[in-house]
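Chemist: Read off the chains here:
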Amino acid sequence: MSDIILSVENVAMDFDGFRAVGGEHGLSFNVNRGGFLGLIGPNGAGKSTTFNLISGVLKPTQGRVAMNGVELSSLKAAEIAGHGLGRTFQTPRAFPSLSVIDNVIVGSEHSEEGPLAALFGRWRPADVELHEKAEHALERVGLADRLHDSVANLSGGELRMLEVARQLNRDPSILLLDEPTAGVDPNLQVKLSEILVQLHADGTTLIVVEHNLAFLLNIADSVVVLQNGALLAEGDPDSIRHDPAVISAYLGADHET
Amino acid sequence: MTVFFQLVLTGLVTGSFLILATIGFSFTRRVEGFLNIAHPELLGVSAFTTWGLNVIWGWHIIPSAMVGIVFTAFVGLIIGRVVYDPIRALGPAILLITSVGVHYVLGGSVDAIVGTGIRSLDIPLAESYRFWGVRITNYQMIVVVFAALATVGLALFLNKTPMGLAIRAMSANPELAASRGIDVKSTSRITWLISSGLAGLAGVMLAVIATLSTDIAFNQILQILAVAILAGLGSLYAVVAAGLIIGVAMDVSVFWIPAGYRPLVAFSVVILVLMFRPEGLAGKKSR
Amino acid sequence: MTIYAIIIATLTFGAIFSVLTLSLNLQYARGGMINFGTVAYFAAGAYAYAIFTQEPPSGLDQYRFGFDMPWYVGFLAAGVASLLFALVTGWPTLRLRGEYLALTTFAFAEVFHSLLLNERRIGNGSVGLANVERPDPTTLGMSDTVGYALAAVVLMLVTAFVFNRLLKSPFGRTIDAVHDDEIAAQAVGKDDARIRLQVFIISAIPIGFAGALYAMITTLVAPAMFTAEVTFFVWIALVLAGEKTIVGAILGAMALVLFQELVKGVPFETVRGAQIAASVEEIVTGILFILVLRLRPWEKLSKRNAS
Numbered sequence: 013m014s015d016i017i018l019s020v021e022n023v024a025m026d027f028d029g030f031r032a033v034g035g036e037h038g039l040s041f042n043v044n045r046g047g048f049l050g051l052i053g054p055n056g057a058g059k060s061t062t063f064n065l066i067s068g069v070l071k072p073t074q075g076r077v078a079m080n081g082v083e084l085s086s087l088k089a090a091e092i093a094g095h096g097l098g099r100t101f102q103t104p105r106a107f108p109s110l111s112v113i114d115n116v117i118v119g120s121e122h123s124e125e126g127p128l129a130a131l132f133g134r135w136r137p138a139d140v141e142l143h144e145k146a147e148h149a150l151e152r153v154g155l156a157d158r159l160h161d162s163v164a165n166l167s168g169g170e171l172r173m174l175e176v177a178r179q180l181n182r183d184p185s186i187l188l189l190d191e192p193t194a195g196v197d198p199n200l201q202v203k204l205s206e207i208l209v210q211l212h213a214d215g216t217t218l219i220v221v222e223h224n225l226a227f228l229l230n231i232a233d234s235v236v237v238l239q240n241g242a243l244l245a246e247g248d249p250d251s252i253r254h255d256p257a258v259i260s261a262y263l264g265a266d267h268e269t
Numbered sequence: 155m156t157v158f159f160q161l162v163l164t165g166l167v168t169g170s171f172l173i174l175a176t177i178g179f180s181f182t183r184r185v186e187g188f189l190n191i192a193h194p195e196l197l198g199v200s201a202f203t204t205w206g207l208n209v210i211w212g213w214h215i216i217p218s219a220m221v222g223i224v225f226t227a228f229v230g231l232i233i234g235r236v237v238y239d240p241i242r243a244l245g246p247a248i249l250l251i252t253s254v255g256v257h258y259v260l261g262g263s264v265d266a267i268v269g270t271g272i273r274s275l276d277i278p279l280a281e282s283y284r285f286w287g288v289r290i291t292n293y294q295m296i297v298v299v300f301a302a303l304a305t306v307g308l309a310l311f312l313n314k315t316p317m318g319l320a321i322r323a324m325s326a327n328p329e330l331a332a333s334r335g336i337d338v339k340s341t342s343r344i345t346w347l348i349s350s351g352l353a354g355l356a357g358v359m360l361a362v363i364a365t366l367s368t369d370i371a372f373n374q375i376l377q378i379l380a381v382a383i384l385a386g387l388g389s390l391y392a393v394v395a396a397g398l399i400i401g402v403a404m405d406v407s408v409f410w411i412p413a414g415y416r417p418l419v420a421f422s423v424v425i426l427v428l429m430f431r432p433e434g435l436a437g438k439k440s441r
Numbered sequence: 002m003t004i005y006a007i008i009i010a011t012l013t014f015g016a017i018f019s020v021l022t023l024s025l026n027l028q029y030a031r032g033g034m035i036n037f038g039t040v041a042y043f044a045a046g047a048y049a050y051a052i053f054t055q056e057p058p059s060g061l062d063q064y065r066f067g068f069d070m071p072w073y074v075g076f077l078a079a080g081v082a083s084l085l086f087a088l089v090t091g092w093p094t095l096r097l098r099g100e101y102l103a104l105t106t107f108a109f110a111e112v113f114h115s116l117l118l119n120e121r122r123i124g125n126g127s128v129g130l131a132n133v134e135r136p137d138p139t140t141l142g143m144s145d146t147v148g149y150a151l152a153a154v155v156l157m158l159v160t161a162f163v164f165n166r167l168l169k170s171p172f173g174r175t176i177d178a179v180h181d182d183e184i185a186a187q188a189v190g191k192d193d194a195r196i197r198l199q200v201f202i203i204s205a206i207p208i209g210f211a212g213a214l215y216a217m218i219t220t221l222v223a224p225a226m227f228t229a230e231v232t233f234f235v236w237i238a239l240v241l242a243g244e245k246t247i248v249g250a251i252l253g254a255m256a257l258v259l260f261q262e263l264v265k266g267v268p269f270e271t272v273r274g275a276q277i278a279a280s281v282e283e284i285v286t287g288i289l290f291i292l293v294l295r296l297r298p299w300e301k302l303s304k305r306n307a308s
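From first to last, the protein sequence lines stand for chains A, B and C. Going by this note's numbering, the final residue of the first sequence carries number 269, and the count climbs one at a time with no gaps. Going by this note's numbering, the final residue of the second sequence carries number 441, and the count climbs one at a time with no gaps. Going by this note's numbering, the final residue of the third sequence carries number 308, and the count climbs one at a time with no gaps.
For the record, the hints were derived by calculation from the structure and aren't laboratory data. A quick note: this is a predicted structure, and the numbers were derived from the prediction, not measured. Hints may contain errors.
To be verified - Rough simulated footprint, nothing fancy, chain C against chain B, three-plus residues with beta-carbon under 8 Å:
id, stretch
1, 232-242
2, 252-259
3, 265-272
4, 287-299
5, 328-340
6, 375-387
Said to hold, decoys possible - If you only want the chain A side, here are some residues facing chain C, beta carbon under 10 Å, derived:
id, residue
7, Asp28
8, Arg31
9, Ala90
10, Ala129
11, Asp139
We put the CB at the ideal spot given by N, CA and C, even for glycine.
In isolation and in its complexed conformation, chain A is listed as follows (with noise of 0.2 Å):
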């Protein structure tokens, strides 16, 4: 049975009367549940941009995203975060006041605890649980060792680990990774494959944007190709290895490697 999470319906995204994302007709695709969909496509297709339209931070001009049936394009990027949705940014994103614990910490449920509860309630400044769930988190993505670091001493990699690390101790439903293997080091990729695959296995619903298709098409079920912000094929990874038009535009002599 195929249950559809995330719809994508003719979307399109313009920029100054340029068309970024969308094509002539809009973009759809859509993603099942604990799917693991790879989104793939030359520089500029609009990957990026096609992630900032399904979590919220750009509105789409045209066409909606819905998730689990939730039309998104009238709720803000947090709410949306809120529905269980978790994204990581091409480059990395973190909050370099806060120490690379607490930078995974602020994402977790508990702190959602507004004002009224920092006054009153009863919050300890170093609560165990959620120390124990981010650490568990840290030392998936090999982090354990830099707890109390301040993010300023973390390489372009690591940075990239912080960010999964934030988001997988959210558990969210469904994981957007924008190139997660971008300047990560091969030992930790090794490390990240397992992540998502453990993820996959887990059923959390999967969506990542990446170059490294060796890495991505051996583990992915599933693949878009986006060229010039348009579908140019969708199908399973050994379908889109031999696919010519996909060859053409974009694998090319990559793929023979």
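Using the hints, position chains B and C against chain A.
Modeler: Chains B and C alone, transformed into the frame defined by chain A:
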């Protein structure tokens, strides 16, 4: 109905003055990239320099005004070079806050030198002319003429002279301008001279049409901000429309509500603009 | 003026303005919001206190409302008034950033000032409300000035404590996250607009209380007491102290008030002499302010200590 048209006309004069007072402020915002809260204090510097030369030293008004304007231009230049240039890298917010400090220094200096009390220039009484029932004085006409000259002059300067084009290039993209061989330092110097000189001209106009007291400069900041915001921060030509709109709105409001509410009218306009159209009349997002 | 009197005055007014710098510190250093209309919240508190505690209008009074309530009701009303004013001004404007927010808050404060000045039914217009009711500290066995100095210090300490607790809490973590990177904060479900509004409102409440206390101490509220100069004063105090810390916000306000009291304490033979002294005080304050912003000595100091 004549009263109403009289108010409209007075409003246009007020608006012309506001254009003069604001255009230098907007020019600074456009080129130097920040809101110079101390700009109105330069009006005070100019007004009181002119007054000092004219009344205390007994000079004729024209040389007094010219020296007042040039002096103010150089005061502005020195402040720009000494205070703002070294901290430009810290961003517009810090520059804005710093200009509050400059406001204190300038305001305090004028206070210390001039002292409190109400003053006026030693010039002939205004003569009024009557057209279709509404009156305008010769001094009011001078304000309108200078506002027009200053605006057209600045526009010609920015569009027709090499230095003006360099300033425009610099305000659009400082790094690119520098890499294209534009002398950023001298362009910035000219900018300070022009914007402060315009403040100087506005200060002289203020001295001509109003009586002077040392808090007069600060009272202008409110209206200058109102005009600059309505125009869209940093845009120059929209200042003309915005100045006239605010001037007329303030003066005509007296027709219906007490005169004390004039500033309130100006600021209600500001709040509405910021809430519904923060980019102002110019319509270009300057953020 | 004796040293004792200077100390008491510095403590009293220093503590009151510390409450304002503490609030600004929360809004600006932690929340990233430039509030250039601080005085309006202060005035809202002072007027609310005066209106709630004064007797109903009679005779020549032009004001419309006087509820003749006990001082503590007025004090609470001051906090509520400031909160409501923050809600009204913050809700539409907080989507604006940086200098735009600075300008809107400034504009709101000017409109409010203009209303107080021109609308005689609120507080007698420019005349203001005199003989503001207040509790008498001598019933507790303290002299008047000591009693109010103590009250101001207590208000300051409570504000500092509450803000400190707020910033150390999970909510404080969220505030920092939103300040650092609102897009990333949204991605973990933080509604940055709402959090900014919450910070804005919370930090306005103590300003209202401070306004009430200020009204009690001066026994007068009039528009002339609540000009933009108050806002600038508080900003200068905050910047002098080097932003970011609670202790710094307090020390900055205390130092600036002490400086003013010292200048006031110098005896002058002539009115002109006093005038010049006041102007020189302004000039020196301005120069200090410019120098601190330029040289940022406190930041360098804290960096040196950290490393």
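Chemist: Would you mind marking each hint as holding or not holding in the structure?
Modeler: Hints, one by one, checked against the model:
no., hint, verdict
1, 232-242, "holds (count 3)"
2, 252-259, "holds (count 7)"
3, 265-272, "holds (count 4)"
4, 287-299, "violated (count 0)"
5, 328-340, "violated (count 0)"
6, 375-387, "holds (count 5)"
7, Asp28, "20 Å, violated"
8, Arg31, "23 Å, violated"
9, Ala90, "4 Å, holds"
10, Ala129, "7 Å, holds"
11, Asp139, "8 Å, holds"
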